[in-house]
Every structure is written in structure tokens, then in C-alpha cells.
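Student: If you want the building blocks of each chain, they are given just below.
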Amino acid sequence: MRAAGLHLGLVGLLLAAHFVLPAYHHGVLARVMVLAAYATGYNLLFGYTGLLSLGHAMFFAAGMYGAGLGVRFLALDPGLALLAGVAAGALLGLAVGLLALRTAGVAFMIVTLMFAQATHLGILLAGRWTRGDEGFVLQGPERVVLGLDLGDAAIRYLAAWALFSAVLLLVLRLVSLPAGRVLVAIRENEERARLLGYDTRAHKLRAVVLSAAIAAAAGAAYALLFGYVGATFASVQYSILPLLWVLLGGAGTVIGPFLGTLLMFYLIDTASGLTPAYMLVAGLALVLLTLFAPQGLAGEVRRRLAPWLP
Amino acid sequence: MNAPILSARGLCKSFGGLRAVHEVDLDLVPGEVRALIGPNGAGKTTLVSMLIGRIAPDAGRILLDGADITRLPAHARVRRGMAYSFQITSVFQRLPVEENVALAARRRLGRDRAAVAGEVARVLAEVGLSAEAGRMAGDLSYGHQRLLEIAMGLAQRPRLMILDEPTQGLAEAEVAGFRRLVRAISADCTILLIEHNMDVVMALADRITVLDFGEVLAEGTPEQIRADPAVQAAYLGAA
Amino acid sequence: MDFGPHLMLALIEGAVLSAVLALTAAGLSLVFGVMRVVNVAHGEFYMLGAVAAWFVAAAVGGAGPAAFLAALALAPLAVCALAAAADLAVLRRIAHDPERTIVATIGLLYILQQATLMGFGPDARPVAPPFNARIAIPWPVWEEGGLALTWPWGLSVTTYKLFVIAAAAAVLAGLWLMLTRTRAGLVMRATQWDRETATAFGIPVERVYALTFGLGAGLAALAGVLVVPIQQAHYLMGGDALLLSFIVVIIGGLGSLPGTLVAALLIGMSEGIVSVFFSPTLAKILATLLVALVLVFRPQGLFGAAGR
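Protein chains in written order, with the numbering used here: chain A, 1 to 310; chain B, 1 to 239; chain C, 1 to 308.
What the hints contain is simulated information worked out from the structure, not anything from laboratory work. Here the structure is a predicted model, which is why all the values come from computation and not from measurement. Note that the Cβ used here is the ideal one computed from N, Cα and C, for glycine as well. Treat the hints with care, since some could be wrong.
To be verified - One-sided and incomplete, this derived list gives chain C residues near chain A with beta-carbon spacing under 8 Å:
(1) A95
(2) E99
(3) I102
(4) A104
(5) I106
(6) L108
(7) I230
(8) L243
(9) L257
Said to hold, decoys possible - Over 12 Å on every C-beta distance to chain A, these chain C residues come out as not near it, computed from the model:
(10) P122
(11) T150
(12) T199
Based on the sequences and whatever the hints tell you, model everything.
Tutor: Below, the structure is given as C-alpha cells:
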């Protein structure tokens, strides 16, 4: 109950923020909500299932290019393009999961890193359609769905809010279901979970596919809402960032990824005003979090104050 | 005589040329308590690991209720009614005691929250851990963690339970309580028990299988085993 | 140029790349072999070697070989010390836990790379090679009346490139001798086999780890120094070095030095040849996919023995 209240409260608060925030922060929050949806999907795999992927940018990019190329070359409307992006991410997740889940631990990290690298390079190689690093812009009628222009600031915010809320509540529901509890059991002790009769390989594969689909939904939404599709979003950096956001906010908590994304976005935003070496902040944060606060913000709150936090 | 619930025929396993288990046959009758004994390194844990499916045999067959399960993965064997408690305590340390048991019960009972809660309460009461339900499993004493292992086995309502050295590291008083518990469980469940404590073995086992250098040295009732000169030479004498 | 001389040129470039790659990857492999951790910041130590070489050379000044030789001596040492300090300050405190070490070294990667951007700037800068004579290579051709040597235009190698190959070979041979013949090598191998027993025998494991981490980084830095006169120093040059080292170490078998060497030759040569004739992007895609599939289906590497 408290958990549902807290998360519905956050959803309500973000909706209320639409009406009061000044333009700059309104725009930032729209972006943060899309990226937080990405982080929430990442957390499902990393925080709840205990699988550390270093290649989630490939799923984000699958969604982004699935939607972006669909709009550009198949003239899909944004609604269908979103579905195409999610399908692309889920399929890639299935393929990568089937292979990568034969490994564990450090090997799993490197295998996902390599698949993501191959995806990134593949996007560059297909420059004729993807326009490589330069990317391409979606504009005008390409971003209109049901008469709504996703380029409009208000509609963009509300669409981002709808996506984030759906992902947040989906994950909140999932982790309270038996299937979600099994993921935690796998994270804590896979061998024991298997000998309780759970097909851990199948559960992990489902987690990879769902996590990839959520990441792809965020990638597709990013392309449609912000009108830009580029290979940067497939680079290693976009695999590291969700890890950083989740570590900061609290791995294995439902609300943590949003908190981490929000805080880190403003930190990097501030730093980039001061120096071109703004990723220094990300590096320092990764080292300090690993050393001193591996539980992250929400994890510390759960440990000290609110053990009920899901 | 009843048809065996579990049969093994000609099980073999080597590790890098070292023969851990060689040509072992085993038949468990429904309802019996079978003890598996033998000196350290005799291949007991390797044998039960093959029975539950944690490792694959090099040769041989395993039948559960007459059906060949040799190639089934561990989780599928558990679904068919086998349960396994680890030699080295393997509970979910960072989850509450009740969630540990609930994970075991939920596989059978699914989303029915009331049924899961009822089963958790029943099983925790049976092993005497009701008062600890809300604590983290990792905070329990070692003896209580061993009991939690048993509780997780019970919550699955198995037809065959494999207990790998359940009394290892327990205090005298705890061992006595454990004996009562196993006797109660054996009322509706077949038990395969690896055990070093001979008092426990003699008190609980209907039959005993002695393993030595990966092969079956002897098999029989506790009295027969006690009287067997080969066993005395290989095992009891050396102990 | 004809196909033959063209291929010869590609082979020479491939040999230089193999040499640099073997040094870099040997460092990564050594760290993984002894400490069982993956150092994601490894490419940054390669970059730091190149950047430090530029600073040392600039400080010494002059057109002669003195500037480069000073860099060759000092830069790897400085990077080695920095890496050992990082190990003590960060990795030791998380007990070299494999997964947390990866996260921490990702952080280290950004810190080193971004600090270099602040202190060194975004430009690529060269260091003059100590010597750079061009040696033309003859090419045999069948003519009427027998074999004749021709001198195709462009088929040549510089003395500096030959030096890079020789230096890398010498350092790797020295590393091999150190690991197999000296007490320090014995201590490292003992630590690799069994950390607890090593501790019980009085081996200061923490110090061995710090030195190993430093040595691994020092090898990468040395490769970075050797490469500056050919490639210039740039704050982003660590990314490709890391990727290629990963590929080499995994294909060669994690922690196996001979396997690493064979794989470095294979990758360096094929990269040299492939990138002359095909798209380098496609070559990289195939290499990364190969690494992933090797890890999935043959984790002991293509050249390693089957695991225990």
C-alpha cells in the first residue's frame, strides 16, 4: 500500500510539474523521464535479476532506429513506429539473450559489450540509411500522431510522462508478482532458485527481453519526441550511463533509476557549463559510488529508514 | 515389494581421470529413509548431485517413478517431486526467512497469496522457526539456517528429499531436534540422507548404502551394516 | 603498385600493429591472469603513456633522440606508479571483486580520459621519432633471363618501425623470463593459483596485486610511447586500444601469455591486411562478433587448452 502510494505520488507529482515548471526545467524533465524509463528497464536486469549488461545501448538504439528508420523509409506514423522500435529491441534482446546467457558474471558483461559494439559499428557501416554519426532529424508531419504534434513542448512532456509512468508502474507490479520474486531469487542465489524447481535460464531470458523492450521503447520515444536519431546513442557511453544512473539512484529499487537519472542529468548539465571534460563527473561518481555507497540513494533509504521500499 | 520411486543404474562420473563414482546402482523404495554413508571422498555428494541433476553422469541411467530422467535439468526433476538440501547451507541470505520459504512454496501454489502464506506458516511451525519469520535468513544462527533449508524442502511437498549432511556443524541438542524432524517428515516422504553422525544414521535409517572409492561396498539394514566386516574394515574401523 | 608489393606493405604495417597490440594486450592479460579482474581503464593507460611521452619530450626539447629516449624511460614508470596507486586507493578497498572492479575501472577510465582532456587538450600532438631513415625493400620479379630485383616505389619501411617491432619483442621476452625464471614471477604465479595459500605462505598479496596492476598499465603505457612517433597522442586514443586488447586477450585465452601473443599477431596482421583491402568498420564488426562468440562457445579462447 505504502509502496503503491509512493509511486503513484511520484507519477502525480510529475504530472503536476507540467503545469508549474519554467520552460528550461520542463524540457529537462521531459528528457529525464524518457531516459529514466530506459534506466528502469536496465534496472530490471541489473538491479533485480543481478545481470550486469554493458551493452544496453544496443537495445536503446534498436528502438531508436527501429522507429526512426520506420518513419523515414516506411512512412510509419509515430504510433506504429514506437511499436516497430519496441519489436526491434525485443527481438535483439531475444537473440542476444539466447547467446549471452550461456555465460555469467564478467563474461556476460564482455559479451554484451561486444554485441553492443558490433551494433554501433553496424549503424556506422549502414551510413547510407542511418547517416552514421551525423544522424538524421525527424520533423514536421513525421512526428504527428492522431493530430498531436510530438514536437510541441507540452505534448512532448505529457508523452514522456505517459511512457515513464507506464514503465514505472509495470515494473512496480512485476516485482511484486511471483515471477518478479523469482528474479530476485536468481540474483541472490541462482543455484538455489534452480533447485527450488525454477527454470532460471527461462526466467533470465524473459528478463533480458523485457528489459530490452523497455530500453527500446525509451529509445523509440527519444527519437520521436526529440526528433533526432544518431549513432552516439548506440555508443558505449549510452551503455554506461544507465548503469551509472541506477547505481546512483539505487539498484534493485523501483524508484531509484528515476532519482539517479534526474540527479546525474543535472550534475552533468552543471559540469558541462564549466568544462568540456564534463564526463569527469560520471567517472568520479562511478568510483565513489562503488567505494562508499554501492546501494545507491534509494538503497540507503531502504536500509536505514524504509525496509518496505520495493 | 513396492516399485522403487528412484532407481539408478550404472552411474559413473570422473573428474579429470579421477574416478569419483563408478558403476553405482541404487533403488529407493517409497517411504523409506535411506542413509548414504562412506568415508570422505567416497563420492557421496557426487552421487546425489547426479541424482538431482546438478552434474551430468558420464554413463548410467536414472529413473524416477520408472521414467528416465537422466537428461532432465535439475529444475525439471524438482518439479517432478524431488527436493535437495545443500551440504553447505545455501539459503537466500539477504531475503527474509518467510520469503525463502515462500519462494519454495510459490512454485507449486502460484499466485494464490493466501495459500502461500498458509503453507509458509505451517512449514515454519513444523521446523520451529515461526518466531524468526521476519528476520533476514543471513542473520539466523547456523543451526537455524539448516532448519530453514529443511523448511524450504518441506514447502515444496516433495515425494523424495535428498538431505546432504544436514547435521554437520549442529550442536548436540539441535541434532536431537533434527532427528525428531526427519522422523516426522518421513511419514509422507522418501528420504535419502547423507550423514556422518552414526548415531543419527542408526536411529533413522531403514536401510543403509555404504560407498567407498566411488563404488557400493555394502547395502542393508542398520544391523546388517553394523555386522558387515568389509564395512568395519573400510569405514567404521577407520573412523 | 602490384598486388604482391601491396600485400608486403600491409604485412609490415600489420607487424608494427601486432607489436604494439601484443604489448598492450600482454598487460591486460597479466592483470587478468594474476588478479582475476578485468581492467576496463587499460586503454587509458596506453593513452597516458603517449600523452606523458609528449610532456617528457616537450620538457627535454631538442631535435635529437634524447627527448624520445627520456620519454621511453620515464613515461611508463610514471603510468605504472599511477596505476599502482589507483589499485591501492580503489580496487583494494573493494577487495578486487570482479564485477565491482569493472564498474570502478569504468569510472577510472572517464576520470583519466577527461582529466587528460583538461590538462592536455583536445588536439593530437606528435613526438619526433629518434631516427627515421627509410629503407627501400626490393621485390623479386621473374624476367627474361631469370630473377631480378626491382624497387617498387613506395615499398619501404622506416628504421623506427623496425625498432618498434624489435623493442616489443625484447620487452615481451623479458616479461616471459621474469614470469618464469625470477622470484617475482614465482610470487605472481603463486598468487594467481591460490590467493589464500599465498597469503598463508607470507606473500604480501595486496602488494603483489598493486605491482601487477602497475606492471600491466606500464606495458600499455610503453606501447603508447612507442606508438606516438607514428600516430600522435590524443586523449581519445584509449578506446580503440582497449577494444583491440580485449579482442586479442579473449581470442588468445584469458590470462595466457603465449595465447595473447599468437592472437596479437593474428589480429594485428589481419587488421593490417584487411584494412588495406576492405572497410575497417566491417573488419571491426567481424572481430567483435568473433570475440562475443568465442566467449559464448569457447571461453578458454581459440588457442587455450580446454578448461578444468
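Student: So, I230(C) near chain A? Judge it on the closest CB pair being under 8 Å.
Tutor: violated (24 Å)
Student: Next item in the hint list is L257(C). Is there a CB on chain A closer than 8 Å to its CB?
Tutor: violated (19 Å)
Student: Is the interface hint satisfied for I102(C)? The criterion is a beta-carbon contact with chain A at less than 8 Å.
Tutor: holds (6 Å)
Student: Over 12 Å from every CB of chain A: does T150(C) meet that, or does the non-interface label fail?
Tutor: holds (38 Å)
Student: The hint names A95(C) as touching chain A; please verify it with the least Cβ-Cβ distance against 8 Å.
Tutor: violated (11 Å)
Student: Checking hints one by one. Is E99(C) an interface residue toward chain A, by the C-beta closer than 8 Å rule?
Tutor: holds (6 Å)
Student: Identify whether the interface hint at L243(C) stands, where standing means a beta carbon of chain A within less than 8 Å of its own.
Tutor: holds (7 Å)
Student: For T199(C), which was marked as not at the interface, is the minimum beta-carbon distance to chain A over 12 Å?
Tutor: It holds; T199(C) is separated from chain A by about 23 Å at its closest Cβ, greater than 12 Å.
Student: Have a go at the I106(C) hint: is there a Cβ in chain A nearer than 8 Å to its own Cβ?
Tutor: holds (6 Å)
Student: The output says P122(C) does not contact chain A. Does that hold with a beta carbon cutoff of 12 Å?
Tutor: violated (7 Å)
Student: Please check whether L108(C) passes as an interface residue: C-beta within 8 Å of a C-beta belonging to chain A.
Tutor: Constraint on L108(C) satisfied, holds at 6 Å.
Student: Should the hint that A104(C) touches chain A count as held when the rule is a Cβ pair under 8 Å?
Tutor: Cβ of A104(C) sits 4 Å from chain A, so the hint holds.
In summary, the structure is inconsistent with hints 1, 7, 9 and 10 from the numbered list given earlier, while agreeing with the others.
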